[in-house]
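From first to last, the protein sequence lines are chains U and B. For the first sequence, position 81 (counting from the first letter as 1) is numbered 81 according to full-length UniProt numbering, and the numbering increases by one without interruption. For the second sequence, position 406 (counting from the first letter as 1) is numbered 406 according to full-length UniProt numbering, and the numbering increases by one without interruption.
In case anyone wonders, no lab produced these hints; they're calculated from the structure. Each statement offered as a hint is correct.
List of simulated lysine to aspartate or glutamate pairs, EDC-like, C-alpha gap at most 16 Å:
| id | chain 1 | residue 1 | chain 2 | residue 2 |
| --- | --- | --- | --- | --- |
| 1 | B | K151 | U | E410 |
| 2 | U | K41 | U | E254 |
| 3 | B | K261 | B | D316 |
| 4 | U | K151 | B | E410 |
| 5 | B | K250 | B | D230 |
| 6 | B | K17 | B | E32 |
Restraint-style ranges between C-beta atoms, simulated for each label pair:
| id | chain 1 | residue 1 | chain 2 | residue 2 | range |
| --- | --- | --- | --- | --- | --- |
| 7 | B | A407 | U | K388 | 39 to 49 Å |
| 8 | U | H361 | B | Q191 | 46 to 56 Å |
| 9 | U | E260 | B | F196 | 53 to 63 Å |
| 10 | U | S365 | B | S29 | 56 to 66 Å |
| 11 | U | R398 | B | E26 | 26 to 36 Å |
These stretches of chain U come out as covered by chain B in the derived footprint (C-beta under 8 Å, 3 or more residues):
| id | segment |
| --- | --- |
| 12 | 71-82 |
| 13 | 100-110 |
| 14 | 383-396 |
A virtual CB, placed ideally from N, CA and C, is assigned to each residue, including glycine.
2 protein chains.
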Amino acid sequence: MAVAYELRCRDCGKRFKNDPLSSCDECFSPLEVVYDMDAAKRTFTRESIAGGPASMWRYQSLLPVPEDYAAPTPAGWTPLLEAPRLAKRIGAKNLFIKNDAVCLPTLSFKDRVVSVALANAKIFGFDTVGCSSTGNLANAVAAQAVRMGFKTYILVPADLEPAKILNTQVYGATLVRVEGNYDHVNRLSSQIAERFHWGFVNVNLRPYYAEGSKTVGYEIAEQLGWRLPDNVVVPMAGGSLITKIRKAFKELVELGLVAEKQVRFFGAQATGCSPISTAVKAGSDIIEPQRPNTIARSLAIGNPADGPYAARAIRDSGGWAEDVSDVEIVSAIQELAETEGVFTETAGGVTTAVTARLYAHGRISPDDVTVSCITGNGLKTTDALAGKYEAERTIRPRMADFEEFVAQHEVRGIVVDDMVSGELVGGEYVR
Amino acid sequence: MAVAYELRCRDCGKRFKNDPLSSCDECFSPLEVVYDMDAAKRTFTRESIAGGPASMWRYQSLLPVPEDYAAPTPAGWTPLLEAPRLAKRIGAKNLFIKNDAVCLPTLSFKDRVVSVALANAKIFGFDTVGCSSTGNLANAVAAQAVRMGFKTYILVPADLEPAKILNTQVYGATLVRVEGNYDHVNRLSSQIAERFHWGFVNVNLRPYYAEGSKTVGYEIAEQLGWRLPDNVVVPMAGGSLITKIRKAFKELVELGLVAEKQVRFFGAQATGCSPISTAVKAGSDIIEPQRPNTIARSLAIGNPADGPYAARAIRDSGGWAEDVSDVEIVSAIQELAETEGVFTETAGGVTTAVTARLYAHGRISPDDVTVSCITGNGLKTTDALAGKYEAERTIRPRMADFEEFVAQHEVRGIVVDDMVSGELVGGEYVR
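One chain only, chain U, in its complex shape:
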């Protein structure tokens, strides 16, 4: 049985039928998808979900697609990993990693939003799709559009990481490098979507796109055994993800799939681009745009579209926001890899470093069940680790050479146990 959905203004509540629209024509606030929750009570059950595929499409009846929609590419259903070694290091006890560094098909949580957005691009009859992106979204749109037969234009800031550039071009997408930061790129994209009548996933398809993020929240709850965590730490670029995980949890409570609970939401940003965390710390919902200057380029959005909503969600939940330096970001990338075997991109370094600081500052209690959301893969931002590992001298393929190598390493104390050498001092990583 299908669950009906439509668009509604997030602020004034005005209703819209399903169309490629992103904001209310009366109050200019963003539109959001709402569902017939009475119908959902019948179709969106623990049993129906458990019988679904091992992908985000197990939650299809609360995603804005027709009942019979068949996604051409699997996405989502990523591991929720226990993180006892990282936990020990940062003074936590019940820490989990939601690992979208290995999200199918292009290794970031953006695959989730793109899956839903492109489904709607098909429904609305677009033949060309696109996006403005800081990298991960570019990869996801380029790869998924191929399997759906779209022409693709991807607009990015000119200084994007090489791996993210290649991982867009290789799929045959037309890449447009724009002089300026993401906010310039995004503004141009809005104009293009309107002028050319193209489906831009994060412009005129944004309400549908954003619904894909909910699946992170559904998965966390299901993977915890249908219960909500005490805290969630979420990286913030445009600010949408944190609001959508919150929406997911609310829907699960409303449908009786999990017990109600006050989940606290914590936002993570890089200090070099921290408009939302700055607002939260000031006790405000008003976002002062910033000019980004951080290695965490996937979070480098100085004027975040959902910033006010993210700030409000955090404060309403009793959470907090923090931001960390580029040095801390790099150390945290290494820390997460060395403790839990998860290699994340710079955004994941932000989330990990912020999580550590929240424990260090007592904002999260050690006994709480906390989920730290890792959203992208380290192979996409290898340049962030440039110079961090020395090129060990080579040895000849002889036992004597190897024995000498081992002896030198033991003297220098470089064995795996000691490689985990970060120390947390006053909430900052020092190595």
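Got chain U; can you put chain B on it based on the hints?
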């Protein structure tokens, strides 16, 4: 109910109890794990498998681990993708991609073998593990060992791709760069494993390690709806994978989970390292070692341990082997990305180019159900595509600039449809 397993010599059949051993002390042939197939008939059923996790551990009762073993890291259960656009281009109809480019946790099929090998390293009480590797295995061992508390030594040829080096070091593994090719590295590793009493996954744990590869075969059969394909195309480095997929299919037939069928196995190598395909083409099982010289470094094993068994498996099945040039490998990487949205490393370029040639040469019939095994991720070998994409000039964030950009692109014909510009001429990609 547990399924008992033990080691047995692949040639003389001598039985061994479970120990870190790789070859028969009588005839020096490799050892292999065999199972109590009567017990397996009761435990390894379609129903028990369907009720298992969405990982390779759904097949746990036919893997060499205790019944109650709990893997600390999810691995496997990768998508089997329909590939209609690639199929059309190469003259196929029923082509599937087994996509281990997105295998958890480190994006290659080596995660499967390492999962099983490290489980046994724990059982045998090793505190230090290692491997000789052409890259993917290094990544998998380094990442998975962290979550199991092992010390790790990884030996690689000194000239490995930068992303594979970084993706080993980041987990805190001790990386040992050896002057020479893989065969030198591997010989040294055998000596080290013995001298230091360490668990080397592809040396003294090799029989257990190799069993992990079977899960590729199990998954293909299950994902095809519990039937076997007509053909499988498999890349060959050491030659183990192709023999283990065959073993998997045989076990499934023996247990009555699929109907018996003559599956033909096709091996894929780079011409610059083609000892197995050379033997197959000569109608021989005798492998003449080669000195590798190819960009497909993950396949650059000049003296493949399982080469004779791979050659025999291919010929017995009625299959064939082919090898392709470095130029074809790069074109095929692009072709696969542009048609199916899958970005693979050089080894996947080998498999894709060989698959195309097999159709072009009439060795595979268009109507056959064929599975092409993609085993690693393109983000690990980005250097292979160096210079393949021009850095488009940047535009200013203005509509006029964008309109000019689009107009120029349309004149040059560079839109997505035409980007797929490879043509297959006589079984070789030309671009």
